[in-house]
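There are 2 protein chains.
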Amino acid sequence: MASDYIPPVSDYAFLFGEAFGLDLVTRGTGGAFSAEDATEIIAGAGEFAASVLAPLETVGDRVGARLEDGQVHLPDGFAEAYQAFVEAGWVTAEAPESAGGDGLPGSIRAGLGEIWNGSNAAFALCWLLSAGQIHALDAAASDEIRETYLSKLVSGEWTGTMNLTEPEAGTDLGAIRTMATPRDDGSWGVSGQKIFITWGDHDVAPNIVHLVLARTPDAPAGAKGLSLFVVPKFLPDAAGEPGERNAVTTASIEHKLGIHGSPTCVLAYEDATGYLVGEVGGGLAGMFVMMNSARAGMGFQATGISDRAYQQAAAYAAERRQGVVLDRAPGAPIAEHPDVRRLLLSMQSRVFAMRALGVYLGDLFDRADTDGTGALAEFFVPILKGWATEDAVALTSDAIQVHGGMGFIEETGIAQHYRDARIMPIYEGTTAIQSNDLIGRKVIRNGGATAEELFGAIEQTVAVLRGLDDAVAARTADRLERAIASARSATAALLGFGQTRDAYGVSVPYLMLLGTLAGGWMHGLAVAAVLAHDAQDAADAARLVSADFYGAHHLPRVHMLAETVAAGEVA
Amino acid sequence: MASDYIPPVSDYAFLFGEAFGLDLVTRGTGGAFSAEDATEIIAGAGEFAASVLAPLETVGDRVGARLEDGQVHLPDGFAEAYQAFVEAGWVTAEAPESAGGDGLPGSIRAGLGEIWNGSNAAFALCWLLSAGQIHALDAAASDEIRETYLSKLVSGEWTGTMNLTEPEAGTDLGAIRTMATPRDDGSWGVSGQKIFITWGDHDVAPNIVHLVLARTPDAPAGAKGLSLFVVPKFLPDAAGEPGERNAVTTASIEHKLGIHGSPTCVLAYEDATGYLVGEVGGGLAGMFVMMNSARAGMGFQATGISDRAYQQAAAYAAERRQGVVLDRAPGAPIAEHPDVRRLLLSMQSRVFAMRALGVYLGDLFDRADTDGTGALAEFFVPILKGWATEDAVALTSDAIQVHGGMGFIEETGIAQHYRDARIMPIYEGTTAIQSNDLIGRKVIRNGGATAEELFGAIEQTVAVLRGLDDAVAARTADRLERAIASARSATAALLGFGQTRDAYGVSVPYLMLLGTLAGGWMHGLAVAAVLAHDAQDAADAARLVSADFYGAHHLPRVHMLAETVAAGEVA
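Residue numbers (my numbering), protein chains in the order written: chain A, 36 to 606; chain B, 36 to 606.
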């Protein structure tokens with residue numbers, strides 16, 4: 036049974052308007068949007084997601100996508116939901132103004148990303164890939180491609196995919212073999228096989244635009260020889276509508292552990308007609324635009340899947356009665372059992388940390404041009420992607436645990452989140468790819484300057500907390516201060532290692548350390564914001580408990596990981 | 036595809052003969068078995084498991100058990116495998132001599148438990164439940180029941196089940212409603228519904244003996260009113276062979292996340308004929324014998340599933356080539372990538388820790404009567420069950436990660452271990468049940484005396500390590516010493532809390548702390564044993580790296596958890 040989905044509107048209202056000590060949306064958009072506008076958009080998206088997308092989550096898992104006679108079909112309801120999604124304007128909302136979209140700021144898009152994924156992660160992947168391709172084409176495509184393809188993606192009429200992986204080229208894109216050969220008419224003939232193509236074929240929209248990484252004749256070996264091509268499923272006719280079928284076919288779809296409602300395709304290109312995007316040899320740079328967007332999107336997906344699992348566990352625990360609960364009146368639900376309460380708080384406090392960091396990352400991108408926050412934004416992309424997706428796997432496991440034996444029964448529905456979540460630390464670059472990007476390009480290369488910028492920002496929050504007369508604020512300040520010290524010593528160890536195996540052997544622990552610390556910072560900000568109120572209501576009190584719990588149960592991991600990082604590679 | 040299974044014979048040879056500084060099997064059995072005998076038994080079991088059980092693991096998952104016309108069927112090959120298992124004497128080997136079995140010591144049975152589960156966990160559950168019932172009947176059953184039922188279980192002709200759970204009585208056994216009413220002929224009429232009955236029906240043996248917890252007329256409320264009954268699927272005829280069908284039917288089987296090859300049944304008893312085991316009202320005590328055996332068995336299952344997942348990940352990483360590996364010659368496999376190497380060592384070092392603690396637990400039970408090690412054995416049962424099963428979930432997730440995108444594809448086979456593993460922290464008592472047993476009955480009640488016995492034993496190993504001139508030994512000693520200090524402070528905090536919500540709110544973190552510490556101790560013992568050799572060969576060197584890795588990556592968790600425990604319940 037699909038569980039109900041309750042959009043986290045009040046959390047977003049708090050994050051947009053209060054948590055960062057100001058109206059973050061107004062600041063990030065120069066007044067174009069306010070926290071209230073943003074919250075209204077989130078509430079509207081939440082209503083749509085809860086009523087249209089969430090009810091399809093279970094059938095997506097049980098029936099899943101299937102391939103018949105070369106065409107992928109989604110379960111009943113998916114095509115209608117996609118059309119409703121388009122008509123409600125949610126695809127256009129995501130797109131930048133330069134591409135003809137509404138140009139919503141990153142802070143709001145973080146919330147939308149969570150909501151689409153929380154209500155139906157398999158469905159959301161279709162949107163996520165289109166959104167990524169919109170950003171990539173907007174950055175590099177010719178006017179002709181913009182008119183023919185980008186406009187259709189922005190309107191939502193067509194959907195987009197991202198074609199990187201091949202059987203022998205996964206993490207190592209330099210090994211890509213798909214070839215693109217120039218033709219006399221300016222188009223290219225694309226031949227090769229691509230695997231793991233998310234929403235690579237489907238029947239929810241009349242055309243699909245594949246963005247394909249391929250090698251050109253006489254190109255240099257490795258990643259520098261790669262170029263980017265738009266390859267449509269159906270070639271547009273003179274009116275720009277889907278015409279002749281292009282020479283790209285769906286060889287098979289994968290039988291996966293989870294996200295069954297998202298078709299994962301093997302695509303065969305046999306001299307398919309493609310069009311160059313950007314410069315020859317500029318493929319990887321073009322793809323990175325899409326990947327950065329998709330990686331941040333994974334952070335929002337992690338938050339969404341985690342929150343859905345948490346909501347279901349919390350609802351079950353509030354209903355289920357079993358045994359006598361220590362120090363509670365007879366008939367208390369299992370949510371009051373000390374260890375069930377621990378699991379629920381553990382989940383909830385991590386969801387809040389991920390959610391807040393997602394909004395903050397969106398804000399950093401919003402202010403990159405005006406406030407120079409671009410470096411910190413780039414710094415947080417691999418952290419959010421790596422840390423939130425790894426934690427989401429652990430968190431969905433906790434959601435099963437709350438259900439006891441019922442958690443292992445598929446009909447309960449909670450196991451789906453655990454199965455779905457497991458792909459997140461893998462796709463869009465494994466956690467190791469994220470951590471290598473983080474330490475190699477964003478820590479060691481600049482001598483830890485951006486990391487230090489982060490630590491300094493957290494210290495400002497510590498100073499604010501020190502000025503408050505409250506026990507949780509004092510504990511949070513103490514814990515953050517000690518965590519910063521551990522993070523600094525880990526960073527120093529990493530800088531001492533330099534670009535060596537000692538550094539890369541502990542890059543994932545270092546990434547997890549920074550993610551955990553950043554999560555603690557988000558809670559520290561929440562504590563300060565809540566204590567700025569004249570009096571604390573129940574919601575405020577819950578935020579204090581959540582922050583205190585995170586500080587006692589999750590933040591101490593920073594010290595553990597600092598010890599691991601200091602040891603370097605164990606050889 | 037089912038992966039090959041390589042029985043961990045050399046590890047067991049090391050654990051039996053060397054790791055504990057003496058021939059542990061000889062000591063534990065008063066010379067009845069030696070380390071060499073034990074290793075030979077393990078090697079034989081391993082050969083059987085690899086050739087007969089492991090190849091059925093995949094079909095067990097893909098086809099699974101199915102219910103047709105009231106009868107559960109296992110996939111082709113299961114019945115033949117079970118018969119071969121019986122004929123090779125492996126059921127009888129497990130049983131105590133008092134019940135007509137071979138009476139193998141606990142240290143060896145730990146290894147057998149791992150091997151059956153590592154090769155085919157779904158199959159092994161059939162054996163595990165029979166073994167548990169054998170112990171329960173041996174402890175409490177009348178001569179008549181021994182002759183009619185126990186003998187058939189020990190020979191392996193019939194299999195056994197454990198019937199506790201009901202829809203409204205899971206963790207809270209006191210809520211059991213199944214009724215047993217005495218009849219004139221000395222038998223009892225058993226009526227009620229039991230759920231989650233592992234191997235509750237099947238077609239691999241001609242009869243099934245259900246051990247049922249039920250309430251008798253006028254019995255006191257709660258757990259004290261429960262008695263234990265033997266209820267056969269077929270009533271034995273005059274010759275003791277399966278005769279008339281008893282009034283117990285399989286209402287349904289569950290569609291589960293994993294262990295599909297193990298039928299999980301809903302059983303309906305409608306005035307079924309049963310026979311009392313032990314005293315009226317002595318049900319829970321009788322069931323605890325079986326549960327203790329089953330809980331230790333879960334530790335061995337965690338080790339088995341973990342090792343199988345590790346083996347498959349290691350084999351994949353040794354074959355798969357992808358990209359240039361830092362500081363390694365071209366063409367190096369991904370196993371050499373720093374982070375893949377980290378994942379593999381992380382898995383391997385945990386598997387060794389679990390395996391060693393399993394053997395040690397078996398040894399403690401072996402010496403309980405002679406050396407008074409019973410309290411420590413009882414102390415370790417919830418620790419091994421809770422810690423090893425929780426770690427196994429994380430470990431099988433790592434095994435997926437090593438496979439990258441292929442890990443998410445069901446055909447790869449690694450996802451099965453991740454799905455199978457998820458039930459382990461739930462059944463035979465959730466981790467919270469284990470941790471409440473640990474802190475409530477085995478730490479707080481005796482003022483931490485057994486915990487202190489453990490810390491003292493680890494200190495002796497630290498002293499041995501201090502006397503060795505070796506860098507790994509020195510680091511291991513330092514790390515263990517600091518870990519003991521953290522464990523002592525956590526224990527002191529717990530004793531300070533007493534039987535309050537502050538204690539029960541951190542009971543799982545405390546259990547995980549002790550499990551992690553015990554694992555570090557096992558590695559410390561291994562370091563000492565290896566350095567006692569005149570020269571270290573490659574296997575010795577690998578043990579040192581494994582211990583050093585555990586010390587750098589896993590043992591620091593003790594400090595993190597000590598901070599969590601000290602905070603008590605966050606309210």
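Check the hints yourself; a few may be wrong.
Claimed, not checked - Chain A is nowhere near these chain B residues, computed Cβ spacing over 10 angstroms in every case:
1. Thr183
2. Ala467
3. Thr485
Unchecked claim - Among chain A residues calculated to face chain B with C-beta under 10 angstroms, some are:
4. Gln118
5. His372
6. Leu596
What the hints contain is simulated information worked out from the structure, not anything from laboratory work.
From the three backbone atoms N, C-alpha and C, an ideal C-beta is built for every residue, glycine too.
For each hint, the structure was consulted:
no. : hint   : verdict
1   : Thr183 : holds, 31 angstroms
2   : Ala467 : violated, 4 angstroms
3   : Thr485 : holds, 22 angstroms
4   : Gln118 : violated, 29 angstroms
5   : His372 : holds, 7 angstroms
6   : Leu596 : holds, 8 angstroms
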